[in-house]
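Chains A and B are the protein sequences, given in the same order. To convert, note that position 236 of the first sequence is 235 in numbering that gives the first Met the number 0; the numbers rise steadily by one, no gaps. To convert, note that position 70 of the second sequence is 69 in numbering that gives the first Met the number 0; the numbers rise steadily by one, no gaps.
Don't read these hints as lab results, they were simulated from the structure. On a predicted model such as this, the values are computed, not experimentally measured, just so you know. Hints may contain errors.
Interface residues of chain A toward chain B, partial, derived using beta-carbon atoms under 7 Å [unchecked claim]:
id, residue
1, A7
2, Y14
3, Q17
4, V18
5, M105
6, P135
7, V138
8, E139
9, E155
10, Y190
11, A192
12, E193
13, D194
14, L197
15, V198
16, V217
The C-beta atom is built at its ideal place from N, Cα and C for all residues, glycine as well.
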Amino acid sequence: MPRVSFDAAEHLVRYRDQVARHRFVNWTLSVHTRLDIDLTAADRYLAERARAGRTPPLTREHLWLCAAARVIRERPLFNAAYDGFRKLEPREDIHLRVTVERPQGMGRGLIPHADRLDPAGMARALEEARARAAEPWQVEAPPRRRPGRLGRLRDELAEVVNDYAPHLEPRLGAASGHDAGTFDVVNAGAYGAEDLHLVVLRPAVAALVVMAPREDVVPGPEVRVRVPMAVPFCHKVMDTDSAGYFLLHMQQLLDDPGASLGGEGGA
Amino acid sequence: MSRVEGGLEGADGAVLTRDDLPLAERLDARLDQVAGLRYQHLCPAANLHMGAALAALERFRAEREARTGVRLGLTAPLVRAAALALEEAPLLACLFDGRDRLVPAEHPALGVSVDTGDAARCLVLERARGLGLEELAVRIREAAARFRAEAAPAFRRAAPGAAPAGARRRRLAHLLAREVRERFAYLLPGEVERRFAGHAARQGHFTVHNLGALGVDEFKGFLRRPALAALWALTAQRRVVRGPDGRYAGERRLPLVLIFSQDLVPLDQACAFLRGIVRRIEQPVSLLEGAP
Numbered sequence: 000m001p002r003v004s005f006d007a008a009e010h011l012v013r014y015r016d017q018v019a020r021h022r023f024v025n026w027t028l029s030v031h032t033r034l035d036i037d038l039t040a041a042d043r044y045l046a047e048r049a050r051a052g053r054t055p056p057l058t059r060e061h062l063w064l065c066a067a068a069r070v071i072r073e074r075p076l077f078n079a080a081y082d083g084f085r086k087l088e089p090r091e092d093i094h095l096r097v098t099v100e101r102p103q104g105m106g107r108g109l110i111p112h113a114d115r116l117d118p119a120g121m122a123r124a125l126e127e128a129r130a131r132a133a134e135p136w137q138v139e140a141p142p143r144r145r146p147g148r149l150g151r152l153r154d155e156l157a158e159v160v161n162d163y164a165p166h167l168e169p170r171l172g173a174a175s176g177h178d179a180g181t182f183d184v185v186n187a188g189a190y191g192a193e194d195l196h197l198v199v200l201r202p203a204v205a206a207l208v209v210m211a212p213r214e215d216v217v218p219g220p221e222v223r224v225r226v227p228m229a230v231p232f233c234h235k236v237m238d239t240d241s242a243g244y245f246l247l248h249m250q251q252l253l254d255d256p257g258a259s260l261g262g263e264g265g266a
Numbered sequence: 000m001s002r003v004e005g006g007l008e009g010a011d012g013a014v015l016t017r018d019d020l021p022l023a024e025r026l027d028a029r030l031d032q033v034a035g036l037r038y039q040h041l042c043p044a045a046n047l048h049m050g051a052a053l054a055a056l057e058r059f060r061a062e063r064e065a066r067t068g069v070r071l072g073l074t075a076p077l078v079r080a081a082a083l084a085l086e087e088a089p090l091l092a093c094l095f096d097g098r099d100r101l102v103p104a105e106h107p108a109l110g111v112s113v114d115t116g117d118a119a120r121c122l123v124l125e126r127a128r129g130l131g132l133e134e135l136a137v138r139i140r141e142a143a144a145r146f147r148a149e150a151a152p153a154f155r156r157a158a159p160g161a162a163p164a165g166a167r168r169r170r171l172a173h174l175l176a177r178e179v180r181e182r183f184a185y186l187l188p189g190e191v192e193r194r195f196a197g198h199a200a201r202q203g204h205f206t207v208h209n210l211g212a213l214g215v216d217e218f219k220g221f222l223r224r225p226a227l228a229a230l231w232a233l234t235a236q237r238r239v240v241r242g243p244d245g246r247y248a249g250e251r252r253l254p255l256v257l258i259f260s261q262d263l264v265p266l267d268q269a270c271a272f273l274r275g276i277v278r279r280i281e282q283p284v285s286l287l288e289g290a291p
C-alpha cells in the first residue's frame, strides 16, 4: 500500500490553536464515568415510528442528543463555565457542540438551544449543524500565544506562575480560550470506539462521550442493545455520583422516548 | 511490613527508617521519571478502546507456525499490524515538542515492550515496516532472553545508617536542573532535535505494549512528550457475539487501547488507525502485505 503523504508543518499550523487550547493549565481533573445505556426501548420506538411513516426519519443519535439536553437542563452544573480555580458561572442557554461525520472527515457542529428541541427538531438541527460544521482544528476563541522564541519563553514563564498561583492568571494576560457551545457531545461510536477517555478542558466541566453500540445476551435469555456512554467530568467541581446520576437520568429518558422527549414542538 | 516507632518493621524484624526503605532507593533511581511525569511534559492523553476478534489470527498463526517452525506469539503480529497501520497514519509516528516542532519519521522505529520476567524493557526495531512476521517474533524472543540475562539486580536495602549527607539536597538540585533543561530546551539550537533522536533510539517513534502476557484486563495510561501515541494490548476476553448468520456464539477478543494526544490527533484519525490494526488482526493474511 502506498505511503500516505503527510505534511507535518501544515498540520502543525492548522492545529496551532488546538495545541494552545490543550496546554496543561487548561486540563481539568478529568474523571471517566461510564454506564452502558440500554437502548432496546428506544430502538422499539424508532422502529414503530418508521413503520408509521413519520418524518423526518430519526436515529438513536437524535434521541440521545435530546436526552442529554434535557438532563443538562435539570442539572445546570454540567453546563457551567469554570475558570479552573474559584469562579464557576452557570449558563442559561444550552448549546451542544457535537461531532458530525462528513465525507471529508469529522467536523464539529453547533446545536443552539438544544433543550428546546424534540427529536424531530433535533434531526433537523443536526443536519444544519453538519452543513455548517467547523473543522476539527478550529477553536472559536483560542488563548493568546506570543510568537517567536522570546514569546514562547514569556508564555512558559506565565504558565509556571499560573501553575503555582492561578489567581494571577488574569493579571498575566493569559486566558484559557474556549470552544463554541456550552457542552460537548462526542459520538466516538460513529468511528468504532468501544470506550474513550477524554481530557476535559476548562471552562467546560464535563462532556458526554457516546460509544459504539453492542448486543448483550442477558438471562432470559434475551438480547439487549446497549450503548456505552461516558461522562468525563472535572473532579474539582463535582463527584462521581453527579456523573452517575446524569447517566442514570439519560437511561430513564431513553427508556420511554415517546413520552419523555416530546419537547416544545421542535425547531 | 508494619508501622513502628521511627519507621517500618520489615518481614525480617529489622526496623527500616524512611531513608533506607527500598522505595526511597527506587525513587532515587527514577528521579528523571518522576520529574518527567509532571503535567508540563505529558500529552493531554485520550484513551481509545477497541476489540479485535482473535479466531482468524489463531488459525493463521497455527498454520504459519506449522509451516515455518517459528513460534509467532501475539506480540509479533501486533507489532506488524501497527507498523502497517502507521503507513496510513504517519501523524501517529511523529514526535512533538508540545508547541513548535512536529517532526515526522521517514522510517518509523517501533518500540516493543518486552517482558523479562519481573519487568518490561523496550526493544527498538528500526525500519520496523520492513520486518516480516517471523523475523519480528525471533527478534522479540532473542531480546527477551538477552534482557533477562542482563536483568538489573533487585533493589537492595540501603546500607545501615542514614542516607549519605546532602543526598536530599542533591536530589532537589537534580530535579530543578532537569525541570529547567526540559522547559527551556527549545532555546538551545538543535537541542529539541537531539532529544527527539534520543527518544527514537530509546523508545522508537511509536511503542507497542502487550499487557496480556501479564493478565492485565483494564488499563488507563498517560503519554509523555514527544510521543503522540502508543498502543497497549490487554488480556484476551471471551464475549458472546452475533455472527453474520444471525446466530450467537462465543468469541475471543483482544482488547486494544490506543493512547493519543488529544491536541494534535483528531479523533476520527485515531479511530481509523486503531481500526486498521483491528482489521489486520481479524484478516491476518494482510499482515503479509509487502513482507520481505
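Exercise. If you check each hint against the structure, which ones fail?
Worked result: 7, 8 and 16
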